[in-house]
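K.L.:
Each chain is listed here by its residues.
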Amino acid sequence: MMFLRGCSFKGAGLCAALLVAPLNAALAHTSERAFILLLPTKLYIVGGALAVAFSFLVMALIPMASLKALETARWRLGRLPPWRTEAGSLISLLLVIALLIAGHIGSRDPLANPLPLMVWTIWWVGLSLLHAVFGNLWHGLNPWRGIYRLLTLLPGLNRWRESPPIAYPSWLGCWPAVVLFFAFAWFELVHPSPWDPAVLANFMAAYLAATLVAMLAFGDKVWLRQGEAFSVFFRVVSWLSPFEIVSETSSNVKTLWFRPPGIRLLKTGDLSISGLAFVLLALASVSFDGFSRTFWWLGLIEVNPLEHPGRTVLMGINSLGLVAMFCILAAAYYGAVRLGRAIASPGAESGNNPGLFVASIIPIAFGYHAAHYLPSFLVEAQYAVRALADPFAMGWNLFGLDDFKMTTSLLFDQASVTVIWNAQVAVIVAAHILAVSIAHLQALHRATDLRQALLVQAPMTALMIGYTLFGLWLLSTPVAG
Amino acid sequence: MTKNKGDKQTIATTDTGISRRTAFKTAGVLAGAAAAGAAGAFAPGSIIRPASAHQGDGNNALRIGLQVHRTGIGAAYGKWYERTTNAAVKLINGHGGIGGRPIELIIEDDGTDPKRGAEVVEKFALQHKVDFIFGTLFSHVVNGSAPRAGELKVPYFVVSEGYHVASGSLNRYTFQPCITDVRSQIQGISSWVLGNLGKNVAMIYPDYAFGYNHRDFFGAAVAANGGTVTASLAIPPTESSYTKFFAKIPSNTDLIYHVMVGPGVLTFVKEMGEHFGSNRPELFGFMDSLEAVDMANPGLDYLEGSHFWEAMPRYAASQNTIGANFYRSKVGVDENGASVDDSKDIATFSHMFGCWETLYAIKQAVEDSGYRDNTAKDKEALIETLENTRWYNEGIEHPQGHKAFNGKLHQCFGSQYISKVNGGKLELVHTTSIEDGLYEPEADYTKMSL
Chain A
1 MMFLRGCSFK
11 GAGLCAALLV
21 APLNAALAHT
31 SERAFILLLP
41 TKLYIVGGAL
51 AVAFSFLVMA
61 LIPMASLKAL
71 ETARWRLGRL
81 PPWRTEAGSL
91 ISLLLVIALL
101 IAGHIGSRDP
111 LANPLPLMVW
121 TIWWVGLSLL
131 HAVFGNLWHG
141 LNPWRGIYRL
151 LTLLPGLNRW
161 RESPPIAYPS
171 WLGCWPAVVL
181 FFAFAWFELV
191 HPSPWDPAVL
201 ANFMAAYLAA
211 TLVAMLAFGD
221 KVWLRQGEAF
231 SVFFRVVSWL
241 SPFEIVSETS
251 SNVKTLWFRP
261 PGIRLLKTGD
271 LSISGLAFVL
281 LALASVSFDG
291 FSRTFWWLGL
301 IEVNPLEHPG
311 RTVLMGINSL
321 GLVAMFCILA
331 AAYYGAVRLG
341 RAIASPGAES
351 GNNPGLFVAS
361 IIPIAFGYHA
371 AHYLPSFLVE
381 AQYAVRALAD
391 PFAMGWNLFG
401 LDDFKMTTSL
411 LFDQASVTVI
421 WNAQVAVIVA
431 AHILAVSIAH
441 LQALHRATDL
451 RQALLVQAPM
461 TALMIGYTLF
471 GLWLLSTPVA
481 G
Chain B
1 MTKNKGDKQT
11 IATTDTGISR
21 RTAFKTAGVL
31 AGAAAAGAAG
41 AFAPGSIIRP
51 ASAHQGDGNN
61 ALRIGLQVHR
71 TGIGAAYGKW
81 YERTTNAAVK
91 LINGHGGIGG
101 RPIELIIEDD
111 GTDPKRGAEV
121 VEKFALQHKV
131 DFIFGTLFSH
141 VVNGSAPRAG
151 ELKVPYFVVS
161 EGYHVASGSL
171 NRYTFQPCIT
181 DVRSQIQGIS
191 SWVLGNLGKN
201 VAMIYPDYAF
211 GYNHRDFFGA
221 AVAANGGTVT
231 ASLAIPPTES
241 SYTKFFAKIP
251 SNTDLIYHVM
261 VGPGVLTFVK
271 EMGEHFGSNR
281 PELFGFMDSL
291 EAVDMANPGL
301 DYLEGSHFWE
311 AMPRYAASQN
321 TIGANFYRSK
331 VGVDENGASV
341 DDSKDIATFS
351 HMFGCWETLY
361 AIKQAVEDSG
371 YRDNTAKDKE
381 ALIETLENTR
391 WYNEGIEHPQ
401 GHKAFNGKLH
411 QCFGSQYISK
421 VNGGKLELVH
431 TTSIEDGLYE
441 PEADYTKMSL
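Protein chains in written order, with the numbering used here: chain A, 1 to 481; chain B, 1 to 450.
Among the hints, erroneous ones may be present.
Footprint (simulated), chain A over chain B, 3 or more residues, beta carbon under 8 Å [unchecked claim]:
#1 290-302
#2 403-411
Covered stretches of chain B (chain A as the covering partner; in silico rule of three or more C-beta atoms under 8 Å from a C-beta of chain A) [stated by the list, open to error]:
#3 146-160
#4 253-267
Heads up, incomplete: computed chain A residues facing chain B, CB under 7 Å, no partners named [stated by the list, open to error]:
#5 Leu38
#6 Thr41
#7 Glu302
#8 Thr312
Just so you know, these hints were derived from the structure itself, not from any lab.
Quick caveat, the model's predicted, so the values are computed rather than measured.
Note that the Cβ used here is the ideal one computed from N, Cα and C, for glycine as well.
The following block holds chain B by itself, in its conformation from the complex (with noise of 0.2 Å):
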């Protein structure tokens, strides 16, 4: 894998171990724990809590607003971000906090809701006074949140792979630093994708924005690549019966790609198994579809033979590095992505770890900053940090992998894995290289104002 050393490399973490600045200042943790109240203020609209074991300090803490898509159609990721954050904070705490103050976590329910999303915005930044915000997930909430962030100057670390940051449609305080957005994910697998599973490629994809990314990013890599879309298959988001589409790819094509997303994709592999049969094209997806979701599922044996985009293998054993092992043992995930307490209840594993890894690069760019305060000052001072950070070392702190970060566009830039369905498990057959994702930039956030 290449790396892309920039002009200031900041190390974080080596690949056997937590990074030398991070190393134990428990005593900082300790001295927070003990200045912490016994009882919370109560003011209207407002809390301050006391220390728990690992929400940190009421007093010299360090506020995180975790905005968490809690209820709506988000939930089941909410669960998994709010889990990952947990242990992410509780390890930091652990070992000194960040700038040596504890985090205190404040968690906020969004809905999956873009208007509640601005209000959460707004509540965290002028009751709950946090620092930063982080952890936002869906696209259109993102977009609904993120300029509410902006207006306030609260720095806003958004965790979605939606293509809004790196496109320049926010705004200088919204940064998406830990994970890939969707069309660097698309144009990284796109080469291997063709060159591997064939050329003449039928693509099917839900009818709205999600399925237009797909259809277009990679429809786009299709031609670059000197291959053909036999056929492009928009399905309508109220459509249950997928047959009648089925029949419409051609007899020539080698590849369906298939990102298809909602209750009725279960159908969709059922249906596209009756329709094929074993004489089938070959199979790539987006794990999009099926996160969450038991490989192990009866009328997903369909899919054997078939290949995944994964953003980080759910198994373990395709990812067998001491960083992803060691985020896998303290989020409680078992060797099959699944919770350590409850062995079907599958992690959303490609897209959780964003959470990790910001709260970690929010704690390197605390640190290199010298942030103190909630003032217009420091988080200035913080954002350009953030903006001359060129990259996140693989490791404990960043386990999905290296990443690139270009600070003119607020988005990072990683590897992404292909994995292939073998005895009802996912295998790692392909990593890309952070180049295969890059693309010409086409926003500079850097020259909006402060």
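Chain A on its own, in the form it takes in the complex (with noise of 0.2 Å):
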């Protein structure tokens, strides 16, 4: 096999990192593969997409009033405390300020500063397990709402609140939450140093910024609704969760409830083409990042995964790759929606409403994030303490923490190895599952009796075991970079 980027150097390779790297912006998640590869895994991938399979069948065999009612179901928990949203913003806003500043003063190390390791790993990955469980806590911690509201009390800027200066076009939609949310993904993915502490400062006051000026143009709540990446993400994320805080209209009373988790997926109805789009995206980009440390990718471009390039070399390759990550999975996407469409009602128009399973996509997407990032996260969070008690390089120990020993070796061992593939597959099967049970659901109430439904979705829950042998086998196969 030729490798075109195969460095002809005399000497060692070196190359047993990556039976061991454990690290990599993605840092960590190569690790565990030799442990991996031990393990029979093509019997957990079929096993799970049997799993998936067999959950299609079981959905079928439910009876019509159980599944509304369940649907339905909810247990109020209690009132929730009147608050303002804005105190947690601002909070949050002086969090953010203090990481660019690491970013900038701290440690050059990207694992000694926090700014990186507070980015990638506690606010994308764990916040995003957050908001799954507990729902949208971004709406109250993003860093821009708070210093909106202040700005908008200054003379001259209070009009603004009400009449924002430029009217968001309809047309519009979730596009600019998409290109932004591309934007990114390329960052974490593509560029050669995201986890570098200046670099990451800089391109994230950049988006602080440009997000402010955008929300003073179009106002607070359609640019956090529409415009801004991470709202957009974090809300879809958390319609899984059980946890749905619902306003009383005759009072401005909040009332907590607990709901089936991922029942509130339903409430979405139909995207709109660009919520489609970002939805598509968001699993497009986790799967990329996958995907494309693969032996099998890089040996398709060419590169010696034991002699990995780096990052730099391949930037072009990989933005293509992304592109095209996107658009196979959109296309297969749309295809099995057309497809349903045309053997359930041969001969009906097609119609125009692709946005018919979207609501499948966002557990599969959450749930390819989480067992994607979960062995990494183990491992990086404990960096993140570490660097909280010291941000600036100042020598302080602001947590007392002189006696914190760190335990990387939960993915050099091969029992804790086990324990973290295990939940991984749990994870997967279980997001895929909900996937099905929610397409279930949404063809019910389009179809006009159970064979219909079963038959619109059909190719759908093909397209969705087909996803879980992939994304099980991302999860199994040697990865390198």
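Two chains, two frames, some hints: make the complex.
P.N.:
Here it is, written out as structure tokens:
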């Protein structure tokens, strides 16, 4: 096999690092693979896919009345005390500013500087997990809402809150969020140094400022709902949460309800094309994060995985790969929707509702996000704690962590790797079963009878089974980079 | 062991303690600490950090850049390189620093990316204005970075074990003073391996440059020792199943020489066990395959009784010297080669000593050359001093062992260790002499202009 960029250096390759490399920016998710390769992964993969297929049959057998009851089931947990989200937002902004300063004056070591660890590990991975459990925390924690409120108290700007200077064009939909999320994904997956504290601080500062300007220009509500990529992302993830906050119309009182996890996805209804594109892009980006490291992909682009040439020279091909992953996913999704409609209602108009099953993509995207990042999160979260204790490299010990012992061998030990692998498989399979279930409920809403519902969702179910295979393969195949 | 004493033997350490030259200059450290500013200056693209417990003084400190593989495929090594370096810096600063000046260590991640490596070198030289750069490990990153160091005339110390420095392909400013290159390693172990484990050898190696080094250098040694290569099996880097290759090994093979690397290594061992069972040839491997991997992992028990090259013995019982034990305790590695904080976190013990030793080599060169300022004159004097260095004594500053240094090649030559897996641990069975690893030089950097 020819490898396009194999460096013809003399000397040691030292690529045992691939066996153990614990951190990689996505820093740490490769190390456990040597141990995973010893497991009967094919059985896991086939078993996972069969479980998803079986869930389709089970859903078909559940009486519709029971499903209806499930959809409406909710349990009141209590009233929430009134609070203003601006307070959390201002605290969040102060934290972000401190992190940006740390990005510039703290340690240059990306595993000692708190900025990259807080962004890539605690925020991007950890906060996403919390959203799936507790709901839309970002609504109160985003760093803009508070400063926007303060700025629009100023004379001259106060009218902008009610009447933004620029009307947000309705045709824009969520496209700004799609574009910004793509830029974020590119930075994370393709840029040579997303973990460099200063580089990250500069990107972050630009995004923070641009968002604030956009909020002032278009209004905070519309921009945070449709333009700001992470407000859209976290809101979408929060639909998986079993917790729902409902404002009582007669008063300012808010009530907290518990609902079956994921059932709120049904409320999303039909997302716009841009909303659909956003969800597919979220799935495509995290999938490409895994895929771009596989030996299979590296072989395809003629890169020797044992002598990985680094991210810089792969920027072009990985940019294309990211776009291609999105296009392939979008085509597969759209094809499954069209095919389902065609076999369920032969001869009928194909309709213009490609967002029919988008709610099902959300648990799949989140499930892979959680499983993919789980190993690295377990290690990097410990680095984050240590970095936060001395954020500016001043020799501080803020939390009295002199005796803090990091345990990074989680990824080097067969027993712990096996536990982590099983957790990953469980998350992937559960996510796909939820996706199949949601697709079934969505189909029932639209179909005239059970037969038609099953037919309309059959191709999408096949796609989900395929994606279960793909997701589990991504987590088990050799990777590098 | 024979010592290759040259025309200028610099004695930095003794076997029993810290060098006389470095003895207790804590007054200098205290003065430096007192002078340290309370806050880092904030300037675009630069940092000036205040003194911390072991990172030195922002004013008169000697600024050393650690180019580390913090992310990318070298990250497992980078973690231990950083840890070892910090331990050495803390120790040096605690004993008066270098030439009375504390070290200020600045760490930059190169992502195990050659192009980023060159950028990091530039950043060190132009923004951080470091005196020296050190720590690069992966050979393709060394090859991508060192030319820029040469252009910017920054002394650049690699800790790679690659043959790149000694091959003459780099420049006057690049040195590898404290880790033996792979050509010398292979030559060093070859006569013992062929004399004790068998002369009919099947070689299994990955199908790219790293593997070719082993194929070529050990293959030549086999011929020179009257042996025969019964099979030369280049394994495609993306291969994940190995049984079909074992089937190509002839039955008259005495020894399998294996240097597999990557995530397939454990599968390789497992399938080797399934193919050969108890009736296997002798096995000899390089610790690169299992660096940072616990020998007690299930599946590796098939390696019981086999032999490995180690640059420095992982298990303390194999090298019970004052220097090695002191180094091990300061870095925080237990007697089994694991972190004292986490008994399953195995160190990259056959490589990371190079960081510790290189810092002491820099210290010696600075003090011997009278280096004071980041000027061309002082740097040139330092380089010439290094080129005149002939020897590093085993001890606390060089715990891996004695080293001969060839100033023309900018490369050191040290003893290598051959260990046998016994009871799931590596036990030292042979230490090579420095002469075993010497080869005819192919370069002379001293003829290049400064």
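K.L.:
A separate judgement is required for each hint: does it hold in the structure or not?
P.N.:
Comparing the hints with the structure gives:
Proximity of the segment 290-302 of chain B to chain A, defined as three or more residues with a beta carbon under 8 Å from a beta carbon of that chain, is established by the 8 residues found. Against chain A, the segment 403-411 of chain B contributes 0 residues with a C-beta closer than 8 Å to a partner C-beta. That does not satisfy the three-residue criterion, and the hint is violated. A stretch counts as covered by a chain when three or more of its residues have a beta carbon under 8 Å from one of that chain; for the segment 146-160 of chain B and chain A the count is 1, and the coverage is violated. With 7 residues carrying a beta carbon less than 8 Å from a beta carbon of chain A, the segment 253-267 of chain B meets the three-residue requirement, and the given coverage holds.
A hinted interface residue such as leucine 38 of chain A counts as satisfied when its beta carbon comes closer than 7 Å to some beta carbon of chain B; here the least separation is about 6 Å, so the hint holds. With 7 Å as the threshold, the beta carbon of threonine 41 of chain A stays out of range of chain B, its nearest partner Cβ sitting at about 11 Å, so the hint is violated. Evaluation of the glutamate 302 of chain A hint against chain B yields a violated restraint, the C-beta minimum of about 11 Å exceeding 7 Å. For threonine 312 of chain A, the interface hint holds, since its Cβ comes within 7 Å of a Cβ in chain B; the closest pair sits about 4 Å apart.
Checked against the numbered hints given earlier, this structure breaks hints 2, 3, 6, 7; the rest are met.
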